[in-house]
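Q: So the chains spell out like this:
There are 2 protein chains.
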Amino acid sequence: MPSKDVVAMHPLDPLSVSEIPFVADLLRQHTPLDLCFNTITLHEPAKTELLAYFESTGPKPDRKALVIALEKGTPQVHEAIVNITTSTVEKFAYRPGMCPTISLEDLEMVESIVRSDPGVIEQCKILGVEDMSKVYCDAWTIGFDKRWGAKRRMQQALMYYRESPMDNQYAHPLDFCPIVDTDAQKVIEIDIRSVNGERTPIPNKQYNYLPEFVAETYRPDLKPINITQPEGVSFQMNGNEVEWTGFKFHIGFNAREGIVLSNIRYADPQEGGKDRSMFYRLSIAEMVVPYGEPSAPHHRKHAFDVGEYGMGAMTNSLKLGCDCKGSIHYLDGVYSNRRGEAVVIPQAICIHEEDAGILFKHTDFRDGKCVVARNRKLVVSQVFTAANYEYCIYWNFFLDGTIQVELKLTGMLNTYCLHPTEEAAPWGTEVGERITAHNHQHIFCLRIDPQVDGVNNSVMQSDAMPSPHPAGSEENPYGNAFFCQKTVLKTTAEAACDYNHETSRTWDIVNPSKMHPTAKKPVAYKIVSRESPRLLAQPGSLVWNRAGFARHTFWVTPYKDDQLYPAGRYVPQTSGLEDDLEGNFNIITWTKEAANIENTDVVCWLNFGLTHFPRAEDFPVMPTEPVSILLRPTNFFKQNPALDIRPLQAQGESQYAFENGKENGNGEVTEAMKKCCV
Amino acid sequence: MPSKDVVAMHPLDPLSVSEIPFVADLLRQHTPLDLCFNTITLHEPAKTELLAYFESTGPKPDRKALVIALEKGTPQVHEAIVNITTSTVEKFAYRPGMCPTISLEDLEMVESIVRSDPGVIEQCKILGVEDMSKVYCDAWTIGFDKRWGAKRRMQQALMYYRESPMDNQYAHPLDFCPIVDTDAQKVIEIDIRSVNGERTPIPNKQYNYLPEFVAETYRPDLKPINITQPEGVSFQMNGNEVEWTGFKFHIGFNAREGIVLSNIRYADPQEGGKDRSMFYRLSIAEMVVPYGEPSAPHHRKHAFDVGEYGMGAMTNSLKLGCDCKGSIHYLDGVYSNRRGEAVVIPQAICIHEEDAGILFKHTDFRDGKCVVARNRKLVVSQVFTAANYEYCIYWNFFLDGTIQVELKLTGMLNTYCLHPTEEAAPWGTEVGERITAHNHQHIFCLRIDPQVDGVNNSVMQSDAMPSPHPAGSEENPYGNAFFCQKTVLKTTAEAACDYNHETSRTWDIVNPSKMHPTAKKPVAYKIVSRESPRLLAQPGSLVWNRAGFARHTFWVTPYKDDQLYPAGRYVPQTSGLEDDLEGNFNIITWTKEAANIENTDVVCWLNFGLTHFPRAEDFPVMPTEPVSILLRPTNFFKQNPALDIRPLQAQGESQYAFENGKENGNGEVTEAMKKCCV
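For the record, the sequence lines run as chains A and B.
Position 609 (the first sequence) corresponds to 609 in this note's numbering; numbering is contiguous.
Position 3 (the second sequence) corresponds to 3 in this note's numbering; numbering is contiguous.
Any given hint could turn out to be false.
Just so you know, same-sequence chains aren't split out, so a pair can sit in one copy or run between any two.
Said to hold, decoys possible - In silico BS3-like cross-links for lysine-lysine, where the CA-CA straight-line distance does not exceed 27 Å:
#1 319 with 486
#2 248 with 514
#3 369 with 319
#4 186 with 520
#5 319 with 223
#6 223 with 325
#7 325 with 369
#8 47 with 91
#9 514 with 205
#10 325 with 60
#11 223 with 274
#12 369 with 205
#13 248 with 319
#14 274 with 521
#15 146 with 520
None of these hints come from the bench; they were simulated from the model.
Sequences are here, hints too, so could you generate the full structure?
A: Here you go:
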């Protein structure tokens, strides 16, 4: 490994195109096994070690890689830690019974397998299809099927037909589902649906969205909107580190979580310009998309797009003016393929600024004295494709210190065919003739590793409560009293809780050792989510078992270096039952003992998302549907942290003072004052 | 009245600068009373009459004005309907016991009254202030004070001190509150707060936000973002009517509601380009801001900024590049002053387009075949100043047929002084030294007068429900079943309901006579609000009585021409008690009898907003806090209505087809196809 690279890199930088094959080679030299690589990714330094380095009290941590590999042609999984700095394999262990993520290569392989499988060919013939080049499938992990459990790695092939190579396959779903052994590379079963003893004809009407089919209907009337930054952008990049008007953080990327933001600080002029830490690490650590149609094989449709496939590996290469508009800085994404080679996704991460409307405004109604400043956001974004769906992820930083995590859902509905005797209701919507799109939920688990002015934080649940005293009582004579009830969550058991709309519930991550000088409350960042639907699957259901993290809106755990993924490190083909865990711990097991989470290093897990009852308007391609959460400074800054943003307008006496060079409150006219009215 | 004007005007156009004095003159000729005008505004035509005109089955309705006037120097209210077309006074009636909105002139007058009142001067002396030019007040309507009821019109003067004319008064609140008779123009009482027998010293630390004070701290680092439309905008204005890529509507404006959008239609290419109606009229019909500090005089702080002051009259004149960015079309706002003259607010309404991110995207993971189209919104906006607060209101129309109502709250916190022995908690936050900002809520009542493909609509409550059958049962073998439970709201009593987060509750406004051809559900627009906090004041409290509309999230009423304002037409100094109504009916009385609301002309009332526990960051000027609701087409369009938006990118085979002039599905290459990749 070229030592120069290692020296220059930030400890959280993703593995580079040279590091990935270097790691693969080291491991090949280490073991005689014929390995097929599943994951070669940065093994992030231990937190204590990395913080010591950040605070210049410890050395730069060694670069290390986590490797997950399979013995070729088998489901036997091995896990390694490779030290790149020292060129040594530190750990190499067999992980029996574990199924790692399904790779894009695994998915792509399934389509060719089913096309040439005699059983599948026979089923297609029954449905009237002879030309197998018109048969397509979206491979999904099997989820969990008790017929096989986790003994072999399997995928289910959701089958479709295309009239032409450009035709929309989601308009032509087929009624059977082959099961493929990923390692043996063959169809091992075909689940065939029968409705009253009959097969379901393929929906044959075309519903297309590609320009080939719809270009003639295009509206002529939209005039271009140009967004430019002639003087350049306001952020600076140093490798993967960003600085933007006070904010500083590191942008990581890995095959599983996609974008990871770390070491988020703010150079606070109200505290002498010193860096104040807010978050150690933010990522979308898991997600689940359970479908609500009760009959087989749809019960297996509940994709964990992080833990089963990887949001990073499925990331799109972005295009200027299409995915993002304005002055863009891009970062590539890098991950490994099965041969241990680096795969580069050019322009995987988009970094840009956007105008964000009014930041603050006030007019004195007496004299029209007025200031208006404009807000803007720094956006760090990616888009990934999970078979039919597209997820656009935006990490938005605002001038007032707010951080927003916004997801926009688009792409294609997962569809299924309706038998002529069937209705779509109540489990779906008939979005095209005899095409049903099933009810489903999207639940995203945001992992928030806070560092609010330091590592030791507590979490307070905030509930808006009316006074307990009735109107007319001495304590509440007019009946208008209400307050914010703050409850310190003391243990992991107490912290497993749900959003409560009745009390507009939020959660404050506080530093109990640092009080706000004026507000006399501990400095805090508040988690605001109004879009946290409950998991609608029943307790004891397959998805309830497997997606344990989704049983509550919110969790808090004591920080542990190896607790990154709330559904477990190995998600595919888990049953979710505890006796099936075999060391693959998840948030249910982590929180089993009521561990202390007060004034210590904690991690918060917030579930948010939406319940989607498909509409005709979502077909054949869905308009984006947004969902978002906020992290808001709450008595974190001494006062409005955006007060030092130059306003674009100052009217009335204020305007007059500028234009005429009049004195300010201290009898001075400064250059800044003269320039502040644009 | 110049008949030419009347002929050219749209029946919903606001009264013009020539119509307002014309109406005032007609009324002065009609009555010997010495009138002081409170309101001269468009009296909108009856709905049946206007619809007949729109549908060319009836004549153009006469232009009429509603006039509210006071006998000068008294609280005696008279109400008139003046027909401008025929130059006649159609109605002139005395309205005993009613208090009309407080005008800006009323508010401004109070400050000069209190400054010269001997009692106020004495109180200021006690607090150490000799120079009365440094004493300011925000006049508020008194709300309701049982000492006087509604027999005279009164305002409460929230008192402040300023060290210099530019100083922020909200940093120096005084501890007493004069009560002013609006018509007699004198102080009639001074409510003085005592804390353990002591007065509260004026907080004397300065917290400023105007450039004079903070310019020297401005950050130098933000580079300009330029937004231009070199080919012009994509919307057309015809007077107050807008057309934008399918959407058509009329923009009205009045002193009370500000922007009113009417006759909202969409020229639907999926139905042969014909105009399909969606909404007859949309406006923010009322709002209330109850404060939660239980002691007097704060119980009187619950401003109804629509019904007590008027969002239109308080509207800001907007500036390009400051309030709005890009290519802007402005409309002026016009209302009347007390002399019956027209007051013009230049550039009161901003109309512009904004890029709105990805509209839809899908990539075929096999071959990278991809389309991305960009969304944009048409924004119709206003900003109004309600003493300390600023409300920015955005009516956003999106290419996918979604209409969003977004409010951004900014401006100044209402503040009060703390006695040295007092703490701000639990009723407020100490945002500056000895300055408390009290807990409060902002509840906005959106009046939705739907016309979903016709006048006769029904409303269905939609609740996401798990299957009632347990996991393992025959009906729900895997436990994953869930569905959307639709409940038709049949009467006003059933329709008075609350948001339910447990079921992600939404409401569908449907046309039961028009089924979606594919989805086989009635065409609908869905109301989505996740931000509808409950009213925290107790039942029986003053604000609960007065803001009856806020007792539930949602209401539906049968349409009546005169039911525009859910807290009543005359809001100031109402007790909210029924025996006090005297013909001033509100939503509580309208919904008393369980009237039919099924398949008829209905109006929906949606409350949304937020509960605000002030933060230090909200001082001295608040960063905008957004809150919004959506109206989404739901099986209204045949399919995605934005499918005819030209994508900005088409990759893979699709790209290849364009670049090489290959055939489309029908063997043709069209010009549109060639142009679709930018």
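Q: Compare the structure with each hint and give your call.
A: Hint-by-hint comparison with the structure:
Proximity of residue 319 and residue 486 under a CA criterion of 27 Å is satisfied in neither setting, with 46 Å inside one chain copy and 42 Å between copies. For the homomeric pair residue 248 and residue 514, the shortest alpha-carbon distance inside one copy (21 Å) is at most 27 Å, but the shortest distance between copies (55 Å) is not. In this homomeric assembly, residue 369 and residue 319 come within 27 Å of each other (Cα to Cα) only across copies, at 14 Å, whereas the closest approach inside a single copy is 44 Å. In this assembly of identical chains, the alpha carbons of residue 186 and residue 520 never lie at most 27 Å apart, being 66 Å within a copy and 41 Å across copies at closest.
Taking identical chains as interchangeable, the C-alpha atoms of residue 319 and residue 223 lie at most 27 Å apart whether they share a chain (20 Å) or sit on different chains (23 Å). In the homo-oligomer, the alpha carbons of residue 223 and residue 325 lie at most 27 Å apart both inside one protomer (15 Å) and across protomers (16 Å), since each shortest distance falls under that limit. For the identical chains of this complex, residue 325 and residue 369 are inter-copy neighbours only, at 21 Å across copies versus 35 Å inside a copy, given an alpha-carbon limit of 27 Å. For the homomeric pair residue 47 and residue 91, the shortest alpha-carbon distance inside one copy (19 Å) is at most 27 Å, but the shortest distance between copies (78 Å) is not.
Proximity of residue 514 and residue 205 under a CA criterion of 27 Å is satisfied inter-copy only: 23 Å between copies versus 64 Å inside one chain copy. In the homo-oligomer, the alpha carbons of residue 325 and residue 60 never lie at most 27 Å apart, since the shortest distance is 37 Å inside one protomer and 46 Å across protomers. Only between protomers do residue 223 and residue 274 lie at most 27 Å apart by alpha-carbon distance; the minimum there is 23 Å, versus 46 Å within a single protomer. Proximity of residue 369 and residue 205 under a CA criterion of 27 Å is satisfied inter-copy only: 21 Å between copies versus 63 Å inside one chain copy.
Taking identical chains as interchangeable, the C-alpha atoms of residue 248 and residue 319 lie at most 27 Å apart only when both belong to the same chain, with a minimum of 26 Å there against 33 Å between chains. Proximity of residue 274 to residue 521 under the C-alpha cut-off of 27 Å is restricted to the intra-copy arrangement: shortest distance 21 Å within a copy versus 59 Å between copies. For a Cα distance limit of 27 Å, the shortest separation of residue 146 from residue 520 qualifies neither inside one copy, at 56 Å, nor across copies, at 37 Å.
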